[in-house]
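> Protein chains in written order, with the numbering used here: chain Z, 1 to 476; chain H, 1 to 486; chain R, 1 to 93.
Worth double-checking, as some hints may not be accurate.
Derived DSSO-like pairs: lysine-lysine, alpha-carbon spacing no greater than 30 Å straight-line [what the hints assert, rightly or not]:
| # | chain 1 | residue 1 | chain 2 | residue 2 |
| --- | --- | --- | --- | --- |
| 1 | H | Lys-47 | R | Lys-76 |
| 2 | R | Lys-73 | H | Lys-52 |
| 3 | Z | Lys-404 | Z | Lys-335 |
| 4 | Z | Lys-53 | H | Lys-232 |
| 5 | H | Lys-90 | H | Lys-143 |
| 6 | Z | Lys-442 | Z | Lys-422 |
| 7 | H | Lys-232 | R | Lys-76 |
| 8 | R | Lys-20 | H | Lys-410 |
| 9 | Z | Lys-129 | H | Lys-232 |
| 10 | H | Lys-341 | R | Lys-21 |
| 11 | Z | Lys-289 | H | Lys-232 |
| 12 | H | Lys-232 | Z | Lys-79 |
| 13 | R | Lys-24 | H | Lys-90 |
| 14 | Z | Lys-129 | H | Lys-90 |
| 15 | R | Lys-73 | Z | Lys-53 |
| 16 | R | Lys-21 | H | Lys-90 |
| 17 | H | Lys-372 | Z | Lys-53 |
| 18 | H | Lys-410 | R | Lys-21 |
| 19 | H | Lys-406 | R | Lys-21 |
| 20 | H | Lys-410 | R | Lys-24 |
| 21 | R | Lys-73 | H | Lys-232 |
| 22 | R | Lys-73 | H | Lys-81 |
| 23 | H | Lys-18 | H | Lys-6 |
| 24 | Z | Lys-79 | R | Lys-76 |
| 25 | Z | Lys-79 | R | Lys-73 |
| 26 | R | Lys-73 | H | Lys-341 |
| 27 | Z | Lys-18 | R | Lys-76 |
| 28 | R | Lys-27 | H | Lys-341 |
| 29 | R | Lys-24 | H | Lys-372 |
No lab work stands behind these hints: they were computed from the structure. From a predicted model like this one, the values you see are computed outputs, not experimental measurements.
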Amino acid sequence: MSWETVIGLETHVQLSTKTKLFSRASTTFGANPNTNVNLVDCGLPGVLPSINKEAFYKAIRLGMAINAQINQTSIFDRKNYFYADLPKGYQITQMDLPIVLGGSIEIFLDGATKKINITRAHLEEDAGKSIHDEYDGFSAIDLNRAGTPLLEIVSEPELSSAKEAVAYMKAMHQLVTYLDVSDGNMAQGSLRCDANVSIRKNGDKELGIRTEIKNINSFKFIEKAINFEIKRQIKVLESGEKVTQETRLYDSVKDETRPMRSKEFANDYRYFPEPDLLPVIISDEEMQKIKDTFPELPRQKELRYQKEYELSAYEAQIIASSKSIANFFESAAKKTKNYALLANWLIGEISAYLNKELMEIHESKLNPDNVSALINRIDDQTISGKIAKSIFEEMCISGSSPDKIIESKGLKQITDDDAIEKIVDEVIVKNTEQVEGYKAGKDKLFGFFVGQVMKVTQGKANPQTVNKILKEKLKK
Amino acid sequence: MSIQFKSIVELRGMLDEKLISASELTQETLQLATKYQELNCFVTMNKEVATKKASGIIPSDEISSWLEGMPLAQKDLFCTKGLRTTCSSKILADFIPPYTATAVEKLEDAGAITIGKTNMDEFAMGSSNETSFFGNVHNPWKKGYVPGGSSGGSAAAVAAGIVPAATGTDTGGSIRQPAAHCGITGLKPTYGRVSRWGMIAFASSLDQAGPLARTAEDCAILLNSMSGYDLKDTTSLNSDVPDFLANINQPIDGVKIGIIKEFNLGELDSEVQARFEESKRMYEKLGAQFVEVSLPNISASVPTYYSIAPAECSSNLSRFDGVRFGHRAENADDLNDLYIKSRSEGFGDEVKRRILIGTYALSAGYYDAYYKKAQQVRRLIKNDFDHVFQSVDILMTPTSPNTAFKFGSKGTQNPVELYLEDLFTISSNLAGLPAISIPHGQVNSLPAGLQLIGNFLKEDQLLNAAHLFQKNSDFHLSQPNLEDFS
Amino acid sequence: MDQETVRTICYLARLEIDQKKSSKIQKDLETIIELIGGLQTIDTSDIEPLYNPLEMTASTHEDIVNSDNEKEKFLKNAPASNEDYFLVPRVVE
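Let the sequences and hints guide you as you build the complete structure.
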């Protein structure tokens with residue numbers, strides 16, 4: 001029996017506005033419990049929602065980036081249900097008239113691209129957080145998150161593997177960070193994913209019964225959770241049973257999904273238009289302004305980098321894939337002409353360093369001025385590539401400019417032919433045995449002489465010049 | 001000099017002429033409240049704060065504002081910071097809000113002194129003030145009779161002359177009907193005229209706050225302060241607030257008043273009809289012209305309202321779950337049990353009925369047939385009004401088909417019996433239009449009210465017509481006996 | 001209105017009806033539903049529902065924080081809380 005997987009993803013993107021969707025409390029992450037809560041967020045009697053327009057602008061930017069239809073008139077609806085972290089007993093969301101309809105996103109996997117269609121994206125408010133395990137016999141409710149704006153993006157069920165699902169989420173992550181719509185941090189919960197997974201026989205047109213998997217908070221777990229679920233469903237179907245339509249939680253410790261208790265009773269959400277909010281209209285002028293201030297997207301950057309900076313497709317893709325690296329590159333590229341070398345360093349040494357320290361580039365002590373200066377010093381041969389690496393290490397720690405470091409440590413590369421020739425002569429004189437050995441045919445000894453010259457010059461001699469002069473002097 | 005039964009205008013005169021100080025006025029008001037506590041108008045008194053505020057008002061020779069030092073009662077549906085707010089419900093019996101409703105804040109900023117919170121139908125659901133957790137309110141005109149609802153406490157407090165005015169809220173007639181039953185004046189403004197921030201929500205698209213007072217003039221004074229755009233309420237109107245006193249004395253020659261054909265006034269109690277005809281003649285004398293108009297869908301108002309209001313309230317009342325405030329049941333097994341027990345213990349029967357009907361009307365499979373259908377009929381009703389207001393300025397009806405009744409004599413077997421009493425008032429809430437009720441005589445020794453309905457934002461026209469009526473009659477000057485209550 | 005429907009809407013509303021009152025409540029509900037069912041006879045084809053009497057659009061606010069930390073105030077009002085959280089009976093997911 002050969003099975004086909006069908007996956008649709010519901011992504012919740014927490015918008016990076018300063019205030020909540022329907023109140024003016026702060027949205028800062030990591031605040032002490034219940035300190036980013038005002039009367040409206042607490043759902044006290046008599047309070048009313050007001051509307052944060054910035055959330056709309058961010059949603060529209062995303063909609064434009066995925067070539068979706070934008071609904072300039074937004075209506076909100078109430079979704080009614082009871083849960084401890086839902087203060088009003090209903091969530092304000094968009095049911096019938098979502099702000100974004102349709103559109104598509106490109107995902108990259110194994111060198112190929114695939115277009116995934118989007119069904120819709122709508123604005124809604126987030127719920128608070130419940131902590132179930134800390135207080136004996138009680139669940140603790142923190143409403144800081146209650147009211148934070150979310151954009152829920154629903155994909156068509158067109159993903160066919162866990163790997164594709166991960167590629168989709170990575171593409172989504174890149175898009176939302178690039179557009180300054182969200183900080184896309186899965187671990188902190190600003191990018192969340194629920195996966196709808198079903199199985200059908202290969203070639204079947206009808207969709208199988210799907211389950212919804214919640215509580216996945218990293219790319220790695222997306223893959224694991226979906227793969228577990230696929231295996232589980234196949235097992236169920238192969239044993240002649242039917243898959244139960246249900247919501248399941250992913251347990252990352254046990255690497256399994258299990259049914260979610262509180263969703264056992266089918267809920268009738270009784271959606272109806274929110275009577276406390278009149279329709280919100282985004283004007284044509286506002287739409288134009290959003291278009292005019294639209295940032296360049298990764299794909300466009302890639303192509304531009306290849307043209308403008310003559311980077312290879314590979315280099316362009318890597319640098320463009322991260323907004324912070326791309327910004328850094330462009331700033332640094334204003335101060336150096338050796339784009340290839342700059343790209344090389346960003347992709348190589350700098351990325352390695354950031355990965356090791358688990359840092360973003362803007363969190364490090366590196367800045368475009370210093371890095372471009374370093375590139376220039378290598379380019380004009382003030383220092384060798386090798387010395388540059390040690391200067392780089394120092395830059396990372398102290399944030400000093402390369403020139404200061406070169407100055408204080410006397411690291412200037414020796415390029416003067418006469419100076420090097422003098423040193424080479426000295427080395428030859430001091431090592432007559434090796435000279436004879438080399439001239440007798442032991443070619444490997446060449447490295448020894450290079451090493452000796454480097455030792456005397458403390459590594460500062462220009463390697464190419466050393467090689468040239470040594471070869472000449474040691475002519476057999 | 002007794003302050004009982006005096007209007008705001010009269011009390012202002014006394015204060016300005018230094019015949020009485022603000023402190024004395026507040027103290028006497030509080031004493032009256034105590035004297036007539038059998039009426040059961042008040043749920044919570046604000047004695048200390050009111051006394052302190054009043055004593056801080058120093059009489060000066062400058063022209064004071066209308067409301068400076070004026071004692072007012074606030075319906076217990078408005079959140080008042082630091083002062084218990086219950087909506088006459090067990091579920092909020094100990095709730096002390098951390099903030100004040102905009103409408104009340106504006107009145108207090110204008111100098112008014114809140115002396116207490118008035119009793120009401122629980123969560124504003126009712127037309128007789130018989131559903132309060134704190135017991136029935138008596139109609140000052142007859143002990144053991146209802147004052148009307150849901151703003152029964154406010155109406156009784158004004159009718160008994162304890163306070164010159166009070167705030168109320170009107171979702172289906174809850175200001176106008178108790179005003180009529182108690183022989184006083186009550187105004188429901190245009191939807192959006194007064195901010196709903198801090199007004200504990202019953203039905204969001206129908207609720208509106210408004211004044212109850214002894215005269216139309218006093219209502220205008222209160223409305224001037226209560227009205228205005230509020231950023232915190234996106235459903236409040238961003239419209240200029242006129243001075244509602246400015247044109248109140250305008251003659252009404254040539255004003256066209258419509259009588260609604262479909263209300264079949266000929267089928268009402270003969271005395272109710274008689275009062276209505278007398279009022280019609282009064283207006284004709286004042287220069288108005290009467291026209292019969294048709295509002296073809298108006299008889300659908302009651303079923304329309306009773307689909308929409310319960311639906312909205314079933315959702316608005318979900319926040320009363322025992323988690324963050326209000327009554328929480330003891331011995332709950334788990335979270336769901338907590339909800340069920342807290343809410344079932346905390347809400348009265350009428351509230352439960354309405355929540356259940358509302359839940360039903362919104363539920364899958366019934367939404368289109370009940371809730372959506374009702375909102376469609378609502379548009380038809382509004383269209384009818386828009387159409388007739390092209391040919392008339394004001395519509396006139398009795399406020400209620402009947403006068404006050406004995407406790408427990410209506411609606412106990414069949415709730416719909418009481419719902420049908422709202423026939424004349426309900427449609428203006430559906431359409432968001434302003435309407436006023438003024439006393440126009442008695443039927444079987446109980447007050448009867450006359451209702452004027454105006455076009456959108458035309459409160460000034462209503463107040464003008466009401467004021468001229470009161471200038472030429474003395475129904476609004478009648479005072480109940482009150483010997484059964486002290 | 002059958003028993004099953006009453007039970008379902010009671011659960012959705014998190015209300016339980018006293019055994020003694022349940023048949024009266026059911027009867028009341030049926031009467032009210034009959035009242036509101038009367039709207040079925042009205043022709044509303046092509047009529048847009050009117051959800052709010054104001055035919056206008058919403059105002060919006062700037063994305064600027066204007067609220068303070070009022071944690072103590074809110075937790076004080078709660079039936080059960082500690083110095084950081086609202087507390088409810090433990091929920092098992």
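> Each of the hints needs a verdict: does it hold here or not?
Do the hints match the structure? See the list:
no., hint, in the structure
1, Lys-47(H) to Lys-76(R), "24 Å, holds"
2, Lys-73(R) to Lys-52(H), "24 Å, holds"
3, Lys-404(Z) to Lys-335(Z), "17 Å, holds"
4, Lys-53(Z) to Lys-232(H), "15 Å, holds"
5, Lys-90(H) to Lys-143(H), "25 Å, holds"
6, Lys-442(Z) to Lys-422(Z), "24 Å, holds"
7, Lys-232(H) to Lys-76(R), "24 Å, holds"
8, Lys-20(R) to Lys-410(H), "21 Å, holds"
9, Lys-129(Z) to Lys-232(H), "26 Å, holds"
10, Lys-341(H) to Lys-21(R), "16 Å, holds"
11, Lys-289(Z) to Lys-232(H), "27 Å, holds"
12, Lys-232(H) to Lys-79(Z), "22 Å, holds"
13, Lys-24(R) to Lys-90(H), "22 Å, holds"
14, Lys-129(Z) to Lys-90(H), "29 Å, holds"
15, Lys-73(R) to Lys-53(Z), "29 Å, holds"
16, Lys-21(R) to Lys-90(H), "19 Å, holds"
17, Lys-372(H) to Lys-53(Z), "29 Å, holds"
18, Lys-410(H) to Lys-21(R), "18 Å, holds"
19, Lys-406(H) to Lys-21(R), "24 Å, holds"
20, Lys-410(H) to Lys-24(R), "16 Å, holds"
21, Lys-73(R) to Lys-232(H), "20 Å, holds"
22, Lys-73(R) to Lys-81(H), "12 Å, holds"
23, Lys-18(H) to Lys-6(H), "16 Å, holds"
24, Lys-79(Z) to Lys-76(R), "29 Å, holds"
25, Lys-79(Z) to Lys-73(R), "28 Å, holds"
26, Lys-73(R) to Lys-341(H), "25 Å, holds"
27, Lys-18(Z) to Lys-76(R), "27 Å, holds"
28, Lys-27(R) to Lys-341(H), "23 Å, holds"
29, Lys-24(R) to Lys-372(H), "27 Å, holds"
When held up to the earlier numbered hints, the structure conflicts with none and fits them all.
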